[in-house]
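Please build the complete structure, drawing on both the sequences and the hints.
Letter by letter, the sequence shown follows residues 1 to 922 of UniProt numbering.
No wet-lab data here; the hints were simulated from the structure. Just so you know, not all the hints are guaranteed correct.
Said to hold, decoys possible - In silico lysine-lysine, DSSO-like type, Cα no more than 27 Å apart, as pairs:
no., residue 1, residue 2
1, Lys576, Lys565
2, Lys208, Lys166
3, Lys596, Lys565
4, Lys565, Lys613
5, Lys644, Lys686
6, Lys108, Lys66
7, Lys143, Lys166
What the hints assert, rightly or not - Per label pair, the in silico range of CB-to-CB distance:
no., residue 1, residue 2, range
8, Ser570, Arg367, 44 to 50 Å
9, Tyr750, Glu598, 47 to 53 Å
10, Asp251, Arg367, 35 to 41 Å
11, Glu203, Met691, 37 to 43 Å
Ideal Cβ placement from N, Cα and C applies to all residues, glycine included.
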Amino acid sequence: RTVPGELKWAASPSEGGWEEVSIMDEKNIPIRTYQVCNVLEPNQNNWLRTDWIPRSGAQRVYVEVKFTLRDCNSLPGVTGTCKETFNLYYHESNEDRESYIKESSFIKVDTVAADESFTQVDVGDRIMKLNTEVRDVKVTTRKGFYLAFQDVGACIALVSVRVFYKTCPLTIRNLATFPDTITGADTSSLVEVRGSCVNQSEEREEPKMYCGADGEWLVPIGGCFCSPGYEEKGGACKACSAGFYKAKSSDAGCFKCPPHSHSVRDGATVCDCHSGFFRADSDPPSMACTQPPSAPQQLISVVNETSVVLEWAPPRRLGGRSDTNYPRMGSGSISSSQLCLPCGSDVLFSPGQTGLKTSRVVVSELRAHTHYTFIVHARNGVSQASGAGAAQSVSVSVTTNQAVSSILAIDVTRHSLSLSWQQPDRPNGVILEYEVKFYEKDQKERSYRIMRTFSRSVDVTGLNPLTVYVFHVRARTAAGYGEFSAPFEFSTNSDPFPLIGEGVNSAFLLLSVSGVGILLLISAAVFIISRRYTHINAPTQTRVKIYVDPFTYEDPDQAIHEFAKEIDVSSIHIEKVIGMGEFGEVCSGRLRVQGKREIYVAIKSLKAGYSDKQRRDFLSEASIMGQFDHPNIIRLEGVVTRCKPLMIITEYMENGSLDAFLRKHDGQFTVIQLVGMLRGIASGMKYLSDMSYVHRDLAARNILVNSNLVCKVSDFGLSRVLEDDPEAAYTTRVRRKIPIRWTAPEAITYRKFTTASDVWSYGIVMWEVVSYGERPYWDMNNQDVIKAIEEGYRLPAPMDCPVVLHQLMLDCWERERAERPTFSQILNMLDKLIRNPGTLQVCVSVLPEVCVPEWSVCEWLQSIGLERYRDTLAAAGYTSLDSLLMDRLGIITPSHQNILIASVQQEVLSQMQHMQHSMVPV
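Structural data, given as structure tokens:
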């Protein structure tokens, strides 16, 4: 349109067809046009071809044609020959060599028709009715192309032909630069473009966008982060100013230097500590610079026999850190030459000599009557960096108690032994009593008996004839027990042959035994009278039984025989194998004990080839169970340890584990029955918590169910002491993984197992029971479960779960363990629910965020002062509150409707809050 000279496009035929003509437009501006108007002659075929147009990388070009066209009706006498359309063609070519128009090589784009046509009158009035049409052409095979216009008998003038292609313009998105990009060949195609990160930035995720066919950028993916020391401003990365820093590219922006640190240059990635302050290698840059701690305070010691309990207060100044520890416990003993020597390897430190986190340690296996000095050092994460050492320590000196050694003399019969001994040379105080330990020699202390006496002699009866026994004696003073004497062996119905020392003259022995007998009679009489007097006059006290960890016993056989009953293997009849345990097979069978009726039992056996550790772990479970006596705790009948295989005998639970039992009977129990099961589990757990026992593996799989649907807590094999190695954070001493889905967050992260963590697990068990054995958190993996819990996610209420039960679950899953209910509170709550089964109705949602039980309409109207509507609602058929609110018919005024709805909301919220704080059910 704006070309000042001739275009000289190729025309065919060269004469009588398309002509290049200059005309004046409606504004009297000269323009170049191509015109043709052979409407009086039939069979017109007039072609006009443009010059060669380079493609320039375009894959689809757009042709905008502006033209005028004469209305055929305004031309007299041309009926049948006049047309009001023309055709658009194109032809691709690598070079501009086409000197003539070869019609067969062109491809038709479209037939173009006019929306507006003009008449002769319009020309006289100089009104140009301009048509604009746009067509797109896919050009991808050659370097350029020609356009051609075919006239078939129209009166037409081409005023403007504009050829263009579209691009997505240069842009910056997510700190990535995307270049100017030509659109794709198809109208629906998207061109994928990879961006490049701007200066001072690094790739977060490969930056990509798609260039749409209309030249718009679509679907930004990925992007870049500003490098450490730089932050995003206006689509570019600018350096952090002095006093600020950015440590990681993923950080949102620059941060002010933390306390006791500074930066003096732009673009800092970390702030330097002030003089006298330090940062550990493991400290994040966002942490304030800190100082080493001062020395521990108030170190005190308590001596008990050859053990010492050391306790101290934390340092007065912690240096602004929370990782204070006591890296080593220095100690030494003073010999006769007054030289301080290191403790030997036989001295035991509990929980350890190095890396202590607590301010209490027990030192045992010390030498008797020996002077020791203990030094406690305090350190934190920056102690090494600061070079602080001996100034951060405190010491204390102690002297252990005197051990007792004894010389034994005996008088032997077929079934008894009479023993006497001399007082220790240095008793270290008044001797209060003696303790005699003895066992059959072939038992090697696996099964021993203890006798105590106030005198220096004792009669041991009930022994087996012709059997060798081993005896040890030790004395107790106010400072505690001394060491046991050396072992002495004696055989019943034979002469003694002590390993150490000499026997005693028989006459002297007879006099000694007689004197001792008289003294024993006098002592016994005094003891009985004093006990009787104390019983009459002393106030009644309730003794609380406390759980004893069997792992504190050096000899596992001592623990097992103290807490479990030995059963003769001949009284056990095994019937069938019912499963596999951690240590071997689990069978069912029958137990017949003399004088008692035959009962069904479960029998766990220790598989052959076991190690000493496996034997200890196997017996420890029986030592634990043997301490419990409660109807909701699995009952231990006894153990078999005197022959192989070793066995643990427990009561038989006919319905097996709770989770499998619930899945087998899905939907077959009432809510009251389910709550009854939960009540039994809570009762058992309350008993365990009262004994200061932490289960650590409470789950439905570890609850057993008998034929009367009584649930009992079982599986006490999980170790109660975790590894010190932080890499074993999820592994117990018996190398069993911590059950992540059932374990409280603090137990997973910090290995803080308490009764409160058992309460969290109980909440998961509640969810399992109400959902009939559904897997908690479904198919989520353990890491996703941990992350979800940290972000505040909690399991939703199972289907048909009463709101009060789900609220109790949520209370058990409080993040802060101090805010969780105790098992005593849980048990009280469940008892109230069972006594008031109406509170366990499944609620009906009638309004958004309002859940209303089926209350009496009459009582409710009376409570809110609108009893006048009672007969109206009854006549309309409303018998329950939810049916009323679902319809709201029969209410006269809108204000009264609002009162009704508001009262329901307020009542529900009030009772829910009351239940949550006071454990009183709604």
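Original post:
Is 37 to 43 Å right for how far apart the beta carbons of Glu203 and Met691 are?
Top reply: For Met691 against Glu203, whose Cβ atoms are near 59 Å apart, the range 37 to 43 Å is violated.
Original post:
Would the pair Lys596 and Lys565 pass a check requiring their Cα atoms to be no farther apart than 27 Å?
Top reply: Holds, at roughly 15 Å.
Original post:
At the C-beta level, are Tyr750 and Glu598 separated by a distance inside 47 to 53 Å?
Top reply: 49 Å, holds
Original post:
Does Lys143 pair with Lys166 here, judged by a C-alpha cut-off of 27 Å?
Top reply: Satisfied, since the Cα-Cα distance of roughly 17 Å is no more than 27 Å.
Original post:
Within a Cα-Cα threshold of 27 Å, do Lys208 and Lys166 meet the stated pairing?
Top reply: 20 Å, holds
Original post:
Can the suggested window of 35 to 41 Å be confirmed for the beta-carbon pair Asp251 and Arg367?
Top reply: For Asp251 and Arg367 the Cβ distance comes to about 58 Å; the hint is violated.
Original post:
Straight-line Cα separation of Lys108 and Lys66 no greater than 27 Å?
Top reply: Holds: Lys108 and Lys66 sit about 19 Å apart, inside 27 Å.
Original post:
Taking the CB of Ser570 and the CB of Arg367, does the distance hold inside 44 to 50 Å?
Top reply: This hint holds: roughly 48 Å between Cβ atoms.
Original post:
Regarding the pair Lys565 and Lys613, is the alpha-carbon distance no greater than 27 Å?
Top reply: The hint holds at about 22 Å.
Original post:
Has the given pair, Lys644 with Lys686, been kept, meaning a C-alpha gap of at most 27 Å?
Top reply: 36 Å, violated
Subject >> Straight-line alpha-carbon gap Lys576 to Lys565, limit 27 Å >> reply: Cα-Cα ~24 Å, so holds.
Hints 5, 10, 11 from the list above are not met by this structure, while the remaining hints are.
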